[in-house]
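From just these sequences and the hints, can you work out the full model?
At position 12 of the sequence shown (counting the first as 1) the number is 12 in the UniProt record's numbering, and the numbers step up by one without a gap.
List time: in silico BS3-like cross-link candidates among lysine-lysine, alpha-carbon distance up to 27 Å:
1. K70 to K49
2. K49 to K31
3. K84 to K49
Calculated from the structure, these hints are not laboratory results. Model, not experiment: these values are computed from the prediction.
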Amino acid sequence: GRMDVLIATSVAARGLDIKNVNHVVNYDLPKSIDDYVHRIGRTGRVGNKGRATSFYDPEADRAMASDLVKILTQAGQSVPDFLKDAGGSGSYMGSSQFGGKDIRDSYGSRVDAQPVALEPEEEWE
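Right, dumping it as structure tokens:
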């Protein structure tokens, strides 16, 4: 079988519309919740569901734990106990300098991708 993989820096989180992304893996978490939402927003575009998996380092990511708990809770996702312990609980009120309305059902965290008709693949050289 064949699997297409795109490896990118945070620059791919904003302004690029990459089609047919079903799963985003955060090897390292960004420093702000808005950047996190933009990163995982590469999957589940236009109302489709996708999956996001993030590696959490308690030493490096503890400052974002509370925001992660809030955003996962708001999206109806399960929150691991270690993250609850690190960040508490609450509801994410959101803040974005860009405005607009998020039409996705969730922010992508641990959501199974639904089958969608894929567009023809591009040829890369």
